[in-house]
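**Q** Residues per chain, in single letters:
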Amino acid sequence: MGDKSDVLQGTLDLMVLKTLESMGPLHGYGIARRIEQISSNAFSLNQGTIYPALLRLEQRGWIKSEWGMSETNRRAKFYTLSRIGRKKIAEETENWERIASTMARFLAPSN
Amino acid sequence: MDWIRVQLARIAGLFRKGSLDLDLDDEFESHIELAVAEKVRAGVPAERARTEALREFGGVTQVRESYRMQRGMPWMAQFGRDARFAFRQLRKSPGFSLTAILTLALSIGAVTSVFSVVQTILLKPFNFREPGRLVIVREVEKEFLRTAPSIPVNYRHYLRLKRDAKTLEDAAIFQQPGFSVSQSGDRPRIIGGISASPNFLRVLGVQPMLGRDFAESDAVKGAPAVVLITYNAWRVFFQSNPSVLGQTLRMNGDPATVIGVLPQGVRFPKVALSPSIASGPSNEEMILEPLIPDPYFLKNDQGGFNFSVVARLKQGVSVEQATSELETLQRAYSAAAHLPIHLGIAVTPLSEDVTAGISAVLWLLFAAVAGVLLIACVNLANLQLARAVAAERETAVRAALGASKGRLMIARLAESLLLACAGGLAGIALALGGLKLLLALVPANVPRLNEVQVNMPVLLFAAGLSIAAALLFGMLPALRSLHIHPQAALQSNSSRSINSQEGARTRNILVASQVACTIVLLIVTSLVLRSFSRLLKQDRGFNASHVTLGEVALFAPQYGDSKPNIAAIKRAFVERVMLEMRRLPGVQSVAITSAIPLTGETWVDDLTRPDHPVPAAQRPLINVRWINPEYLSTMQIPLVSGRNFTASDLANPYVALISERTAREGFPGENPIGRQMSEIVPDSQKTVTVIGVVADGRMNGLKDIANMVYLPYWAYTPWSPTFLVRSSQPSAALIPEMRRVIWSIDPQVAIPALKSMDDQLDESVSTERFQTIVLTSFGAAALFLALLGVYGVQAYSVSLRQQEFGIRIALGSGRGALIELVLRQAALPVLAGVCGGLALAALALRLLRSLLYETPVMDPYAIGASVLVLLVAAALAAILPARRAACIDPMQALRIE
Numbered sequence: 000m001g002d003k004s005d006v007l008q009g010t011l012d013l014m015v016l017k018t019l020e021s022m023g024p025l026h027g028y029g030i031a032r033r034i035e036q037i038s039s040n041a042f043s044l045n046q047g048t049i050y051p052a053l054l055r056l057e058q059r060g061w062i063k064s065e066w067g068m069s070e071t072n073r074r075a076k077f078y079t080l081s082r083i084g085r086k087k088i089a090e091e092t093e094n095w096e097r098i099a100s101t102m103a104r105f106l107a108p109s110n
Numbered sequence: 000m001d002w003i004r005v006q007l008a009r010i011a012g013l014f015r016k017g018s019l020d021l022d023l024d025d026e027f028e029s030h031i032e033l034a035v036a037e038k039v040r041a042g043v044p045a046e047r048a049r050t051e052a053l054r055e056f057g058g059v060t061q062v063r064e065s066y067r068m069q070r071g072m073p074w075m076a077q078f079g080r081d082a083r084f085a086f087r088q089l090r091k092s093p094g095f096s097l098t099a100i101l102t103l104a105l106s107i108g109a110v111t112s113v114f115s116v117v118q119t120i121l122l123k124p125f126n127f128r129e130p131g132r133l134v135i136v137r138e139v140e141k142e143f144l145r146t147a148p149s150i151p152v153n154y155r156h157y158l159r160l161k162r163d164a165k166t167l168e169d170a171a172i173f174q175q176p177g178f179s180v181s182q183s184g185d186r187p188r189i190i191g192g193i194s195a196s197p198n199f200l201r202v203l204g205v206q207p208m209l210g211r212d213f214a215e216s217d218a219v220k221g222a223p224a225v226v227l228i229t230y231n232a233w234r235v236f237f238q239s240n241p242s243v244l245g246q247t248l249r250m251n252g253d254p255a256t257v258i259g260v261l262p263q264g265v266r267f268p269k270v271a272l273s274p275s276i277a278s279g280p281s282n283e284e285m286i287l288e289p290l291i292p293d294p295y296f297l298k299n300d301q302g303g304f305n306f307s308v309v310a311r312l313k314q315g316v317s318v319e320q321a322t323s324e325l326e327t328l329q330r331a332y333s334a335a336a337h338l339p340i341h342l343g344i345a346v347t348p349l350s351e352d353v354t355a356g357i358s359a360v361l362w363l364l365f366a367a368v369a370g371v372l373l374i375a376c377v378n379l380a381n382l383q384l385a386r387a388v389a390a391e392r393e394t395a396v397r398a399a400l401g402a403s404k405g406r407l408m409i410a411r412l413a414e415s416l417l418l419a420c421a422g423g424l425a426g427i428a429l430a431l432g433g434l435k436l437l438l439a440l441v442p443a444n445v446p447r448l449n450e451v452q453v454n455m456p457v458l459l460f461a462a463g464l465s466i467a468a469a470l471l472f473g474m475l476p477a478l479r480s481l482h483i484h485p486q487a488a489l490q491s492n493s494s495r496s497i498n499s500q501e502g503a504r505t506r507n508i509l510v511a512s513q514v515a516c517t518i519v520l521l522i523v524t525s526l527v528l529r530s531f532s533r534l535l536k537q538d539r540g541f542n543a544s545h546v547t548l549g550e551v552a553l554f555a556p557q558y559g560d561s562k563p564n565i566a567a568i569k570r571a572f573v574e575r576v577m578l579e580m581r582r583l584p585g586v587q588s589v590a591i592t593s594a595i596p597l598t599g600e601t602w603v604d605d606l607t608r609p610d611h612p613v614p615a616a617q618r619p620l621i622n623v624r625w626i627n628p629e630y631l632s633t634m635q636i637p638l639v640s641g642r643n644f645t646a647s648d649l650a651n652p653y654v655a656l657i658s659e660r661t662a663r664e665g666f667p668g669e670n671p672i673g674r675q676m677s678e679i680v681p682d683s684q685k686t687v688t689v690i691g692v693v694a695d696g697r698m699n700g701l702k703d704i705a706n707m708v709y710l711p712y713w714a715y716t717p718w719s720p721t722f723l724v725r726s727s728q729p730s731a732a733l734i735p736e737m738r739r740v741i742w743s744i745d746p747q748v749a750i751p752a753l754k755s756m757d758d759q760l761d762e763s764v765s766t767e768r769f770q771t772i773v774l775t776s777f778g779a780a781a782l783f784l785a786l787l788g789v790y791g792v793q794a795y796s797v798s799l800r801q802q803e804f805g806i807r808i809a810l811g812s813g814r815g816a817l818i819e820l821v822l823r824q825a826a827l828p829v830l831a832g833v834c835g836g837l838a839l840a841a842l843a844l845r846l847l848r849s850l851l852y853e854t855p856v857m858d859p860y861a862i863g864a865s866v867l868v869l870l871v872a873a874a875l876a877a878i879l880p881a882r883r884a885a886c887i888d889p890m891q892a893l894r895i896e
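For the protein sequence lines, the chains are A and B, in the order given.
Quick note on numbering that gives the first Met the number 0: the first sequence kicks off at 0 and runs consecutively.
Quick note on numbering that gives the first Met the number 0: the second sequence kicks off at 0 and runs consecutively.
Accuracy of the hints is not assured; some may be wrong.
[Said to hold, decoys possible] Reference excerpt, derived from the structure (chain A facing chain B, CB under 7 Å, subset only):
no. : residue
1   : GLY47
2   : ARG55
3   : ARG59
4   : ASN72
[Unchecked claim] List time: in silico DSS-like cross-link candidates among lysine-lysine, alpha-carbon distance up to 30 Å:
no. : chain 1 : residue 1 : chain 2 : residue 2
5   : A       : LYS76     : B       : LYS16
6   : B       : LYS38     : A       : LYS76
7   : B       : LYS313    : B       : LYS536
8   : A       : LYS76     : A       : LYS17
9   : B       : LYS91     : B       : LYS161
10  : B       : LYS16     : A       : LYS63
11  : B       : LYS38     : A       : LYS63
12  : B       : LYS38     : B       : LYS165
13  : B       : LYS161    : B       : LYS123
14  : B       : LYS298    : B       : LYS161
15  : B       : LYS141    : B       : LYS298
16  : A       : LYS17     : B       : LYS38
17  : B       : LYS220    : B       : LYS141
18  : B       : LYS16     : B       : LYS141
19  : B       : LYS435    : B       : LYS123
Hints listed in this document are in silico derivations from the structure and should not be mistaken for laboratory results.
Where is the CB? At the ideal position from N, CA and C, for every residue including glycine.
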């Protein structure tokens, strides 16, 4: 759990936050599916790995969770963005864009 | 922010592990169900849907584990497991655990209680504004530098220094007399008080909690009498009544109005007038009055060195800078005013000054008790080392199974930490009791004694100490576990064969260092004991037994110094008391003197001879006492030559007795009898004639023979006469009688002291007794621990070598030879330790010199006795395991394993 996976963790975190922002309250399965769909399944994700990420975000106070009923009338735990979470999205997005553009510059064919 | 929130959430997670686990399982279940439902809707057969859903989810167990790692505090859980394991291990050997905890508790308790005294008296800053800038200023008379390094301050010099000094923000002058205080009709009590210039509190940076501070107009002759009282005085005298302002207290018989109350926790230390003048017991200073100087002090440049001065240095000014500026001012003034004396200055930080008498003793005690703790730690290190060797296989198994080095170390350290925690907690409990014991022993004149308690810094210190101790005695065994090669350890059929050589060396080094520490402590103890017994056994020149003393303070309006016939009034009182006391049963003689014996130098003058004028610097200093003819027989001081006072001197009372040393120093090579001395009797130009010489005595303190000059009270009756009664009755019976007599003659005088002379003698050596008792007990503790250490190591080594000894016996070795073998083996580290200890002592003991009385630091008897005691104790400790070695049954020893 060293620093090496931090970027990846951050990536997953941001995906979760963005999903919750656009979809509203959603359960873990829904979040996982949504990420799969958006990434057109290119991003191979064990759906289970979403849960430690959700816990991490919840511990930071960025999201909240509550048991409720799904659209298909099943019991599920729903996650919602908190006020802090909403503010953090902008910050994290900017952060990620900086990393991405830096990486892009590295990866660009050098002349 | 995020980090804190995450940690809090994690800690919360620790406590709800069970319910959170269930919650997680529920969530996983619902995830799978949702996935299955979606797949079924998409047309996948039910069984395959579930399999696919599970596959897409990934490893449930891995997810659960990483989820848990995120949720709780894994390292804590791990440590919890180590601690539980350590606890079980310790419970399996209760003997070892109890010994360890007890040793730790006793030594941590002792260190903590000594530290709480050190902390309050030496380390805690005073409750004044920026106390680091406060200094005590004293004058120096270059002529008397040899006998008196510094002297109290002259009022005129104070005024001048205060006006001219640029390095001082402000300076206040004060005295700390006892006030005879009473409230409506009660018997007066002597209360510590301060008589100070009105700016006193402003110099200290203290403001009254109620009412107002002194103003300049309060310190003018004829101004209405006003006082400020401390928080405690407010509680004691006025039951914390908020409308205290304007009420009165009788001070020395006259009413004074309370104008203010100081805040809680503001306490003033007793400041010695000069280093050589004992400050007496530190009555709590409760009352402040403005100092109105007698006109005499405003005029006099060469006498009246009677005051203390506290000053506040300007921001950024050092003590050295202030000293050099004031020194220059003093020199310039001595020259400009054509004084026959050369003035200088002595500036000391307030905190240092107040603790000057006790700090060396306290630091020594602290060092000694820390030494005891160190020895205890070494003992435990040795025991733990033995346990680590015994647990080597287990460690090897752990290492073989892939435990990291850090985990191995923590696993071994856990035991030590657990022991230290238990020992530390018990130690704190013991410290509470130990502190009471210590405070009962500490001499009463130690400043700030009433503030000593086990407080937060002390508790933190004890906690830190426990952890440090655990690391100290647990680290070595823990580090050893790093060197274990799992293969070797597992292959060997007996844990005893591995590393035993190296282990024995480490253990011997530990024992040697323990012995070295012990030797130093023992030498310190025996030196202090010798010094104390010398102090008590030497000839004092007087006999204290069967004498009871009572001091009376004539501070009441009927003895006011403005009365024209005050001398006769005081004398009449003294004579009536003596007359009544002589009538008490069993009384052989009654004497008076002007100062309680053994309270340090008082009424110090220089001996001036009209027939033989010499510069001030060459005049010997003398202590003047006002007595009656029965003084010599009461104190049993022999007359050496000449005669005692008699009734025939009543007409011309200007006669004196001098001690042998005064005769030697004041009248070298002459017969002093018939010689004249001048400038001794207050308010009189009369010279006095020496009529007798008495034997030398240690009248002011057991450490010094004093230069005494005795005069009859007929010439001058002191304000605080002390009555000395020699009686066949015990003091306990005499004391209430003496009190009754004094108050039957005048119920308005205070009795500051009433006790047996033996008690007075005890009190005068209380610092020495304190250091002797406490150091002796530390020395004994160190010896006992060292004994345990030697015994433990030998016992362990014998148990390791049982087989070997069995073989030796089977091969025909004599039992005597075996005993010798073990003893020789034990002797090596002990002798090495003794040598190391002696070397250490040579370095450390120099610091002890100032605390010893007429005992050389390298006293051969003390050193010899210490070494002998240690060797005998070590031999005793080694003989038990040696005998066990000799009694081994070879058959049984060989069958083991």
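**Q** Looking at the structure, which of the earlier hints fail to hold?
**A** Hints 4, 7, 9, 12, 17 and 18 not satisfied by this model.
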